[in-house]
Amino acid sequence: MKKQVESILEEIKDLNKNLVFKKKYKTLKIMEVCGTHTMAIAKHGIRQLIPASIDLISGPGCPVCVTPIREIDKIIEIIKKYDATVFTFGDMMRVPGTNSSLLAEKARGKKIKICYSPTDALDFAESNPDKKIIFLAIGFETTIPLTAVIVKRAFEKKLNNFFVYSTHKTLPQALNALLSDSCINIGGFLMPGHVSAITGSSMYEGIPQKYGIACVISGFEPENILLSIHAILRQITGNDFRVEIMYKSVVRPEGNPVAFSLIFDVFEPADSEWRGLGLILGSGLELKKKFEGFDAKKIFPVANPVSCEPPGCRCGDVIKGIIKPFDCKKFGKSCTPENPVGACMVSSEGTCAAYFKYMAGI
Amino acid sequence: MKDNKNNSILLSHGDGGVKTGRLISEIIGPALKNNILDRLEDSAIIPCRGAKAAFTTDSFVVSPLFFPGGDIGKLCVCGTINDLVTSGCRPAALSLSFIIEEGLDINVFKKVLESIKNTLEEAGEGIKIVTGDTKVVEKGNADKLFINTSGIGFIEDGPGISPSNIKEGDNIIINGNIADHGICILNCRQEFGFKADIKSDCAPLNSLVKDIKDAAGSGLHALRDATRGGLARVLIELSGSSKMNFDIYQDKIPIQRQTRGICEFLGMDPLYIANEGKMVVFAEEKNSIRILDAMKKNRYGKHSAIIGRVKGIKDKNRNASVTLITELGTKRVLDLHYSEQLPRIC
Chain A
-2 MKKQVESILE
8 EIKDLNKNLV
18 FKKKYKTLKI
28 MEVCGTHTMA
38 IAKHGIRQLI
48 PASIDLISGP
58 GCPVCVTPIR
68 EIDKIIEIIK
78 KYDATVFTFG
88 DMMRVPGTNS
98 SLLAEKARGK
108 KIKICYSPTD
118 ALDFAESNPD
128 KKIIFLAIGF
138 ETTIPLTAVI
148 VKRAFEKKLN
158 NFFVYSTHKT
168 LPQALNALLS
178 DSCINIGGFL
188 MPGHVSAITG
198 SSMYEGIPQK
208 YGIACVISGF
218 EPENILLSIH
228 AILRQITGND
238 FRVEIMYKSV
248 VRPEGNPVAF
258 SLIFDVFEPA
268 DSEWRGLGLI
278 LGSGLELKKK
288 FEGFDAKKIF
298 PVANPVSCEP
308 PGCRCGDVIK
318 GIIKPFDCKK
328 FGKSCTPENP
338 VGACMVSSEG
348 TCAAYFKYMA
358 GI
Chain B
4 MKDNKNNSIL
14 LSHGDGGVKT
24 GRLISEIIGP
34 ALKNNILDRL
44 EDSAIIPCRG
54 AKAAFTTDSF
64 VVSPLFFPGG
74 DIGKLCVCGT
84 INDLVTSGCR
94 PAALSLSFII
104 EEGLDINVFK
114 KVLESIKNTL
124 EEAGEGIKIV
134 TGDTKVVEKG
144 NADKLFINTS
154 GIGFIEDGPG
164 ISPSNIKEGD
174 NIIINGNIAD
184 HGICILNCRQ
194 EFGFKADIKS
204 DCAPLNSLVK
214 DIKDAAGSGL
224 HALRDATRGG
234 LARVLIELSG
244 SSKMNFDIYQ
254 DKIPIQRQTR
264 GICEFLGMDP
274 LYIANEGKMV
284 VFAEEKNSIR
294 ILDAMKKNRY
304 GKHSAIIGRV
314 KGIKDKNRNA
324 SVTLITELGT
334 KRVLDLHYSE
344 QLPRIC
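These protein sequence lines map, in sequence, to chains A and B. The working numbering applies: residue -2 is where the first sequence begins, and numbers increase by one. The working numbering applies: residue 4 is where the second sequence begins, and numbers increase by one.
Any given hint might turn out to be false.
Claimed, not checked - Selected chain A positions facing chain B (in silico; Cβ < 10 angstroms): (1) R44; (2) Y113; (3) P219; (4) I296; (5) N336; (6) F353; (7) Y355; (8) G358.
As the list claims (entries may be wrong) - Derived DSSO-like pairs: lysine-lysine, alpha-carbon spacing no greater than 30 angstroms straight-line: (9) A:K128 / B:K142; (10) B:K300 / B:K120; (11) B:K314 / A:K330.
Stated by the list, open to error - Listing some non-contacts, in silico: residues in chain B with all C-beta distances to chain A over 10 angstroms: (12) I31; (13) I49; (14) A96; (15) G106; (16) I109; (17) E128; (18) T134; (19) S153; (20) S167; (21) A199; (22) I256; (23) E287.
None of these hints come from the bench; they were simulated from the model. Each residue gets a CB set at the ideal place from its N, CA and C atoms; glycine is no exception.
From just these sequences and the hints, can you work out the full model?
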């Protein structure tokens, strides 16, 4: 093991021992709210290294997982009703809707394409003017500027066959909603590295003081994650709760003002439903009036589908960090990555997928 | 199949993961059951007038047809030779069957044939194409060119090479960098626009296997080429069939920096990405260094490394498993339920 990792671990153990001795906590719950953190923690086996009294739990950090089943059902309805080609990221393909999934619809011959960048969808629309193209946009602040760019480009090029179905969500509102829930008892947040690179740390100001919670923006290498856990323990030790950046090579307090302002050139806040968390005011984004001609929800109206979560699926509780994937009766039995029941098992950044892939059998 | 509500074949049935396994064990196996097929090895061993022959078949649908380090012609020859040599046989002859889409440029077809010829020369040992077939289908009913090859070889006297011979204490060796083929194909489809110079590892490994056998004597226990499903799939399958636990050391697995970087960027696990020129070797510890030296001297084994060790099973109630020991010293169990779905990479 690297010397640096060993010395951070020693310090974490000392700080934790002291805090437990002083009865600051019996078990400290630290929540990460970024799918890439979830995967990195599981992949490197960070939980095997730190004291058992520090419990790393996963929150609503995976955009695919927090997209409610109703949105999946709606986009499937659109594909069935209108002759349109849908572009989306690979992980969305297998998320189960109430009766079908995008993957199943593709196997039935519907036009659904996986893309790796939103510009693929725009390019396809430009070179196929006779076809209607819908980009199923998903993600937090990290990916929203990319969608904003292509909407602006489509506007400038006066494309009339390109549309965006936005399931975009913004994270700070969700963190506030989560902390207001009395069932949830979190002592520290590992704040997302990529999202914070766009939003900056000021977006979270107020959270540490209001809720008495340590907030540290972390990178993704194991050393950086351990340093961030160490910083959380230091904040608790000193009763000094604030937003601390431990990913200084990428995150600045002011974020990326250019990318951030792009978001609000094109979108405006709207209420949004989150799987597990329900409706959160102002946590979604819809296209501004100027761009409503690109809004797939307006151009391709469908009736509200009767959506229901798969019986017994506890993705909602996993997303809130109330239970661990192992606590779900379906986990690893009827719900596996190749035959997922819930979104958390589908997504490559889902909590259940991370636990299944990296922690089963240990 | 119980997991398929739609009763249709999905792309994931072809990714080398759990669904592929189920398609074989639940649909194909029961329909065609017999004592040779049921062994599910890369080559079937069939008795042949006192001697033993190894027989295999494979289809190639890679897109694009040409990629850095290879093409569909080179791939079909290498894939079939490599499947044959895992049984320890000397490859003798191959068949070649083309399914061609109407409209294919005849020069493209000629280029593929030229590559097949060159690859046979590269493999040497007098391996020949001895029979073939050509079909042409209407435009749109296939994509440019698909190839099926079968191969036959003869097993010489000597110690048997089979997963069932894997023993506690064996070292696990691989002949170089993993995941280059899958990432090369992804990269040259230009879906991501990476400026990376990654070549497919596509290679005929008969000379490497010959060098391994010569160096190992009776110490060579099993061989398997790590193609679709990557190194992880081979290890998991062989752990299951030999009923042995394997420990694999992550920091010992050879991988190019560029390939690792792209995998990290895309969130893919290089252990599950396809190779087309990688042989996993199980050999007695005392012969391992000699084998490793022989492999490093072969042109297809310069980056060979010992990557793990076979452990016995202490708890008979648990299934055999493959444990990856990470660079931090933590552990994770490799699972077949996971796969990277990359259609048409071979």
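Hint check:
no.	hint	in the structure
1	R44	holds (8 angstroms)
2	Y113	holds (5 angstroms)
3	P219	holds (6 angstroms)
4	I296	violated (28 angstroms)
5	N336	holds (4 angstroms)
6	F353	holds (7 angstroms)
7	Y355	holds (5 angstroms)
8	G358	holds (3 angstroms)
9	A:K128 / B:K142	holds (22 angstroms)
10	B:K300 / B:K120	holds (25 angstroms)
11	B:K314 / A:K330	holds (27 angstroms)
12	I31	holds (18 angstroms)
13	I49	holds (33 angstroms)
14	A96	holds (38 angstroms)
15	G106	holds (21 angstroms)
16	I109	holds (28 angstroms)
17	E128	holds (40 angstroms)
18	T134	holds (36 angstroms)
19	S153	holds (30 angstroms)
20	S167	holds (24 angstroms)
21	A199	holds (15 angstroms)
22	I256	holds (14 angstroms)
23	E287	holds (28 angstroms)
The structure fails to meet hint 4 from the earlier list, while all remaining hints are met.
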